[in-house]
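Residues per chain are reported as follows:
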Amino acid sequence: MNEDMTRAELLRRGAAGAAALSVPALLAACGGSGGSGGGASTEELKKVLNFANWPYYIDTPQTLKAAGIHKPTTLQQFETKTGIKVNYYEEVNDNPGYFAKVQGRLSKGQGIGRDILVSTDNDRFLGEYISNKWAQKLDKTLIPNIKNLIPAQQHPPFDPNRDYSLPWASGMDGIGWNEKETDPVTSVKQLFEDPKLKGRVGVWNSMGDTLGLVILENGDDPAKVTDAVFNRAIARLQKAVSSGQIRKFYGNDYGPVLAKGDLAATMAWSGDIANLADPHLHWAVPTHGGIIWTDNMIIPLGGSVPTASTYMNFMYDPVISAQWALGANYISSVKDVKQAAVKLDPKAATNDLTFPTDKTLSQMHQNDPAMLTNPDYNKKWLAVQGQ
Amino acid sequence: MTTAAETLARPARVGFASRAWRFVARHSLTVYALLAVAYLMLPIAIVILFSFNHPTGRFNYVWHKFTFDNWIHWNSVLGIQSALEKSLEIALLATFVATALGTLIALAIVRHRFVGRGATNVVVFLPMSTPEIVMGSSLLALFLNEQNTIQLGFWTIFIAHVMFIISFVVVTVKARLIGFDRHLEEAAMDLGANEWTTFQKVTLPLLAPAIIAAALLGFALSIDDFVITYLNAGPVQTFPIFVWGVARVAVPPQVNVVASAIFLVAIGLGLANVVWQYRAAKSTRGGT
Amino acid sequence: MGSFLHRHRSLTPYLLLAPGMLWLAIFFLVPMVFLGYQSLQSGLFPHFQFTWEFSNFSSALSGYHTQLVRSFVYAGIATLACLVLAYPLAYWIAFRAGPWRNLFLLFIVAPFFVTYLVRTLAWLNILADQGPVVRVLRDVHVLGPDGRLLATTFAVVAGITYNFFPFMALPLYVSLEQIDPRLLEASKDLYASSTQSFLRVTVPHSMPGIVAGTLLTFIPAAGDFINAALLGTPNQAMIGNVIQAKFLESLDYPTAASLSFILMGTIMVMLLI
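Residue numbers (the working numbering), protein chains in the order written: chain A, 414 to 800; chain P, 60 to 347; chain W, -19 to 253.
So that you can see chain A by itself, here it is in the shape it has in the complex:
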């Protein structure tokens, strides 16, 4: 509970839009069967669920084996339990790319052949899906387990009542390094200025993640990004690009490069470093703080609301979510997941990356949503990348 409170605080600090928080909305979200959320449709349950997700974002037989869990995967359990077959597509590789692919059909009110897709709050596109009405309302009558959603995630600015979205996973932005190539790298300053790292430093190609960390390093607040704050961060990054300190802007693909040693240190997501399972790789929250983000499930137009809602309900069972978290190495937004996880694998108690402590969470910040949607900022961001 304590942990949840910390996150709630965080969210309030982070998201200006949290002001949208209202009492009825709060009741609706917590009550679970609130009228606003229950688009209680007459649609029928389908035999098949088409799920678009990021790669390596779910428990598989291999990852479960590695975690010492001898159970069928959560997908298999869902299929056995409900008789619904899941077509699981690992096709979301980056938020803008996926958005560009599907927006054409969605903008004309057409389905995209998917019942659930996953999109990140630390980017502009999740908000676009919801504000353009390209996402359908969840059928909360079919999601009683929504009561297990941690308070910190109940009222995000892009969907204050959680009418359209539910968290899939959260992760932390920090710095990863390869101990064979460098001493510990724990600050953005070191990353950008240490001459020993020249040409062997990676950053992300997504603005929120990279600039969030730079803004923190500058001593500014990523939750309130003014032009001055933004320009300071961009200038600092540009300097590191021009000097050749930064090798590349990566999507998800920095992992092998870091493990191979071409990169000595890089901005990295918590779960990725855990997933790499390489004893030489380390991850830390930067000295000036990290950024926390959440990937959210939504039901795009054309998707089957009852089928998708049934799946979401299944995933919000703490035992299922615990197994998923241990298999995928990302942070769950389900209450009591740590306790459930410890029963599956005692090591979970000390796994700070997947089940972060309050101390770790207190170092986390969230980005100003206005920064993510500003077209002028976006242009400058691409220009730094030579684009």
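Read the hints as simulated data drawn from the structure, not as lab findings.
A hint or two may mislead.
To be verified - Covered, in the sense of this in silico footprint (three residues per stretch, anywhere, with C-beta under 8 Å from a C-beta of chain W), are these stretches of chain A: (1) 511 to 523; (2) 657 to 671; (3) 788 to 795.
Given the structure is predicted, the values throughout are model-derived calculations rather than measurements.
Here a beta-carbon is modelled for each residue, glycine too, at the ideal position from N, C-alpha and C.
Once you've looked at the hints, dock chains P and W against the given chain A.
Here is chains P and W on its own, set in the frame of chain A:
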């Protein structure tokens, strides 16, 4: 093949030094050719080699241990099998249609004088001179503007692939048609065959090697295409799109297996074709 | 069918052309018109309006001329490298390979059959900082102790060279193969040296192949973005990367469309010269 004989038959007018130089030149050229082929094959060899690797962690770039497991359990990676199936279906279908359409265009351009021939040549050439990213995005613009009739997916990929393969087929078949001996066709017509029969019995068989080459090229272009497919695929995943996806995290050895398998099958077919042509050449020479 | 064709001979070419040309018209030319329409729009995603916004072109050009020029420079160097590397190989296959000829042709096209991305990823491993190639180059002091191949201009140009090599080698081979060996023998009798005979007979006769190969290599190379994306850094970004980013990341379709036309237009102008 005949050059050696001709060299011998030539009057020995060139001096010793010049001959020695030519000997070196000839063999250095051979050495160079082998090196060049090695350069072309190097990454492919690496891909095949690592399809037999048993990686320690998730990353498959350090040689650890030889194994057949990846080949036996090639489809144990989520989505790889359906992606490969989609790629093969699209490549076969698109190649078939594009080869037919392209061959007809080539026949028209080479065999006939008609109004608009120049324009036809330009239109055929344009797709080859347009960067993929431009073609892909313009097609997407079309599909999205079409009023709710076309769903992005299998058929839009198919349409795109046929579109960019046609030009390559035209060029390949045209090249063969230009140096084509028309006497055989004329002979067939003299013997009473009509145009259609002549085409079936004489033209088509003679064109077959060029058509096969064009189809092979088309198949390769289709199964390999990423940019245009990525933009127009909608929810469908082809093999290259699948690779792009996993490359962002870690490429499992099964990707090497599939890439190697496609390569080996294609090369196998190519080799069969080489042997077949060699034999055919031998037998016709024996016959005449 | 035969008699019909016989009666309407003048129709035959059009009948042959119709299906293929229709396909190209609908799925190549019409989309280009849509792209043109897009390039003159203004506004922000998803609310674009058609306003004859010609300034898209000038602002795109002033914003991204660096990447445009860079693309043509890289493509030019890679094309030249392809020509220099492929010519001797094509020559050898055409005149010296004998019975191995078709086998070696197969080797040339072989890279096509390994997925573009997979083979470029293989180069990533071969050229890696900790890989064997870099280690050897460091040992022989071609590279400094911290030198590297990846994430450099060299890597991008080399990647393009490798990936488009077959497009150069094949047309070269085709044109060389068509040269009558007797012509070469005769020329060797006429001219004093084989170098002269090569320059005065072989090269001119293979000119169609050189031209075709140059076009087939240069054009896709100028629009490529995968090599720069995988093997380069932001300082090697090409115009293809910009177009790709404008379409897929910033959803700035008008700029992306006008950049596409600028790229195509520049290529066309170069072709005409």
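For this session: Hint by hint, work out which the structure violates, then give me just those numbers in ascending order.
Result: none
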